[in-house]
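Chains as they are written, first to last, in our numbering: chain L, 1 to 113; chain Z, 114 to 225.
Careful, some of the hints might be misleading.
Stated by the list, open to error - Cβ-Cβ distance ranges computed for the label pairs, FRET-style: (1) Z:Arg198 / L:Glu8: 25 to 35 angstroms; (2) Z:Asp169 / L:Ala14: 37 to 47 angstroms; (3) L:Gly29 / Z:Met153: 24 to 34 angstroms; (4) Z:Pro197 / L:Ser80: 36 to 46 angstroms; (5) L:Lys77 / Z:Gly209: 19 to 29 angstroms.
What the hints assert, rightly or not - A few chain L residues that don't get close to chain Z, going by computed Cβ distances all over 12 angstroms: (6) Pro7; (7) Gln10; (8) Val11; (9) Ala14; (10) Leu19; (11) Gly29; (12) Lys58; (13) Leu82; (14) Val83; (15) Ser86; (16) Gln112; (17) Pro113.
Treat the hints as calculated values from the structure; they're not laboratory data.
No residue lacks a Cβ here, since even glycine has one placed at the ideal position from N, Cα and C.
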Amino acid sequence: AQSVAQPEDQVNVAEGNPLTVKCTYSVSGNPYLFWYVQYPNRGLQFLLKYITGDNLVKGSYGFEAEFNKSQTSFHLKKPSALVSDSALYFCAVMATGRRALTFGSGTRLQVQP
Amino acid sequence: DAGVIQSPRHEVTEMGQEVTLRCKPISGHDYLFWYRQTMMRGLELLIYFNNNVPIDDSGMPEDRFSAKMPNASFSTLKIQPSEPRDSAVYFCASSGQTYEQYFGPGTRLTVT
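The following block holds chain L by itself, in its conformation from the complex:
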């Protein structure tokens, strides 16, 4: 069975500083990996995905993620954080041949002005 770990419940970063939200996964076969963001009382918004190809994936709002197969990680990054990036971030994995997502527990990102 597949699983996702987000080891940090909360990440605090100052506006303008780089941010990293960590994610590791476990899945049989080649992983399909995703990041979503959730604002209060809203649904999840898709940020980016890794299916195949370049290990560095660029997504919406200046976010990017790096796929590392040997470390089974897919960390979310942004060079310069904005206060408006403050939200709940979810990493998710899709097993080959199955279209459902398995989500991590989420990481709350707080960007201080």
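With chain L held as given, fit chain Z onto it using these hints.
Chain Z only, in chain L's frame:
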């Protein structure tokens, strides 16, 4: 595109009552998913459909839960009878051939 549409946005009901949640997926998407979000269990898949056919319902908690997709533009999730432990936010999502799923705004269900 209007995105995934869910109704109602909020539902408050008494234990034992029947609850029906509704979802309209994005036009052209052939996959539809129902997820539940709670503080204790996080986000968990309940069931998903492909071309209106249920593919995986292993996440449906018990016989009190049922889901249908009578056509490509409509799905329902029904809980009968409802219990307080069913209180959660229920999300519907849809996807096409590019794998990412697009989520609706959710239905916040409170069972008293």
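Quick rundown of the hints versus the structure:
{"no.": "1", "hint": "Z:Arg198 / L:Glu8: 25 to 35 angstroms", "result": "29 angstroms, holds"}
{"no.": "2", "hint": "Z:Asp169 / L:Ala14: 37 to 47 angstroms", "result": "43 angstroms, holds"}
{"no.": "3", "hint": "L:Gly29 / Z:Met153: 24 to 34 angstroms", "result": "30 angstroms, holds"}
{"no.": "4", "hint": "Z:Pro197 / L:Ser80: 36 to 46 angstroms", "result": "45 angstroms, holds"}
{"no.": "5", "hint": "L:Lys77 / Z:Gly209: 19 to 29 angstroms", "result": "27 angstroms, holds"}
{"no.": "6", "hint": "Pro7", "result": "14 angstroms, holds"}
{"no.": "7", "hint": "Gln10", "result": "15 angstroms, holds"}
{"no.": "8", "hint": "Val11", "result": "17 angstroms, holds"}
{"no.": "9", "hint": "Ala14", "result": "28 angstroms, holds"}
{"no.": "10", "hint": "Leu19", "result": "22 angstroms, holds"}
{"no.": "11", "hint": "Gly29", "result": "14 angstroms, holds"}
{"no.": "12", "hint": "Lys58", "result": "14 angstroms, holds"}
{"no.": "13", "hint": "Leu82", "result": "22 angstroms, holds"}
{"no.": "14", "hint": "Val83", "result": "23 angstroms, holds"}
{"no.": "15", "hint": "Ser86", "result": "19 angstroms, holds"}
{"no.": "16", "hint": "Gln112", "result": "25 angstroms, holds"}
{"no.": "17", "hint": "Pro113", "result": "28 angstroms, holds"}
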